[in-house]
Amino acid sequence: MKILVCISNVPDTTTKITFTDNNTKFNTAGVQFIINPYDELALARALELTEKQGGTVTVVNVGLADSDPSIRKALAIGATDAIRINAEPIDAYFVAEQIASYAKNENFDLILTGRESIDYNSGQVCGLLAEMLGIPSVNAINSLEIENGIATMMRDIDGGREKLSAKLPLVASALQELAEARIPNMRGIMSARTKPLTIVEAAGIEKNSATIGFELPAAKGSCKMIAPENAEQLIELLHNEAKVI
Amino acid sequence: MSILVFAENTDGNFKKSTLEAVAYAAEVAKNTSTTCVAVSIGNVDDTKAEELSKYGADKIVNVKNDKLATFIAEPFAKILANISSQENASIIVVSNTYSGKSIAPKVAAKLKAGIVSGVISYPDTTNGFKVRRTVFSGKAFADVDITTPIKVLAITPNTFTTLENNKTVNLVSTDSGLNDADFNTTSIEVTRVTGKIVLTEAEVVISGGRGLKGPENWHLVEHLAEALNAATACSKPVSDMDWRSHSEHVGQTGITIKPNLYFAIGISGAIQHLAGVSSSKVIVVINKDPEAPFFKAADYGIVGDAFEVMPKIIEAAKKLKAQHA
Ligand SMILES: Cc1cc2nc3c(=O)[nH]c(=O)nc-3n(C[C@H](O)[C@H](O)[C@H](O)COP(=O)(O)OP(=O)(O)OC[C@H]3O[C@@H](n4cnc5c(N)ncnc54)[C@H](O)[C@@H]3O)c2cc1C
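First to last, the protein sequences are chains D and G.
Using our numbering, read the first sequence as starting at 1 and increasing by one per residue.
Using our numbering, read the second sequence as starting at 1001 and increasing by one per residue.
Here's a subset of chain G near chain D, in silico, CB distances under 8 Å, partners left out:
hint : residue
1    : Ala1108
2    : Ala1140
3    : Asn1184
4    : Thr1186
5    : Arg1192
6    : His1246
7    : Tyr1300
8    : Val1309
9    : Ile1313
10   : Glu1315
What the hints contain is simulated information worked out from the structure, not anything from laboratory work.
Just so you know, these numbers come straight off a predicted model, no measurement behind them.
All residues carry an ideal CB built from backbone N, CA and C; glycine is no exception.
So that you can see chain D by itself, here it is in the shape it has in the complex (with noise of 0.2 Å):
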């Protein structure tokens, strides 16, 4: 089997967001940048599969060469190979087509993503990229089992879990019970040194949208205080003041 993972390469999640250039770039300075945590999971079932039904993994990531401290992590937490295509992201768009024009000739049969990459949180690409390989996609998968080129997946749906199945090939994408994420050894650190990390160079692709600004949530006024042994009040403050309940 030949599966192929898109990682983004995401802020860590503890990081202070700021922007700099009068608020339109945001602001890298100090911040540590991790595998997005969805794609991390990805992995970690794509390796699963492997292990127990032969084949290869592939990671992908649209991105400059500051992606590749991200793209090496996955290579030692054990994918085969690794593909990063030499092009800013803008959008979610812009790297669907990307990985599309990378793809469409690699025949996977297996593409997972993360359910959204927790910088722009759009949760597009799955759909975005099965849409334009012409295959099916599912969202939001908390399990994945592979047998006989059919999918069978348990996903989230509102209010509630669908288990569904469908043929490979397929673009999936992960969502928190899917896999544990792994951490890599030391001998996968060290033999991730020499797995091949293949730059490609970016197709001629034609942006569909930019982002213009950004802006911070503005400041919370000061938290109204209750003593606890009149907690009974909250109730009362809820209802009459800010009429929520």
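Mind docking chain G with the ligand on chain D? Use the hints.
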């Protein structure tokens, strides 16, 4: 030209998020002097579908087919894209629910449309086509300009009003015109949470953290939720330890929610937790540590032991419920 909106249904009924999307599309249509076309797909009665005209739909296309009674991404996206072309739609609006999230990118790719999700503003068309969205899991906002002729907007639930805006009913009922090849995934079983308020749709959410010590103490969360018709949620370590199900885990790596009231009990307010809940309109924090970072993000707070204050709060909430019963 028209503004098209996907009117998602659950078992034949429209949820609040659907009505918000229709009202949003109607407002955009009004501001751009065009018409709002609502598309319902599934097994919705015509009389039910007609209700969408109350929220500003100038035209309702009701696609009925037994095979589409529950949401299936592939055929739904195809139908929506086909009708968008027929109706010459310049903007397609969906609500950013699970279904909306799975259909929006497919429709966008089919129509070569620019797409923005997590939208929290009406489009600003004075110079280009700008919308505001949340980024960094709610830690910031971004203004995005879409440059394609057709645009797909996935709007954040519980952000826009559902103001009534009565239009004359104009309903067209059709079949889907799909064939078997369009169904490329097969649904095996759907399990819906019953008798509980769904977290992503809830207006009030009561949430517990590690400060509650163990699953046996969750009655403090559940009893308050019951009295306030609220959904229940938890912090990540709580679901990691299996005190509660992962489907309740909110935050940067869990569910992002935007209720009117988020009520946090024994949660410290780590940055990853706040990312998923900070857009809530009102936040209440109960924590015994006055230095807990969550108080900085809160509107109301009690510094106290949850095991002492919660019974009083639950009592008061039950009384309020009884008064309004
Ligand atoms: C990559 C990554 C992603 C993460 N994603 C998420 C996420 O999505 N969501 C999330 O929630 N976390 C996430 N976390 C974890 C996060 O950093 C915190 O560890 C977590 O939110 C803490 O949960 P907590 O507040 O329940 O527990 P704690 O931090 O242990 O806080 C418990 C609180 O309860 C209070 N308390 C104790 N006893 C009482 C009492 N009797 N009465 C009242 N208060 C009491 C304490 O004062 C304390 O403030 C993530 C972490 C990482 C590294």
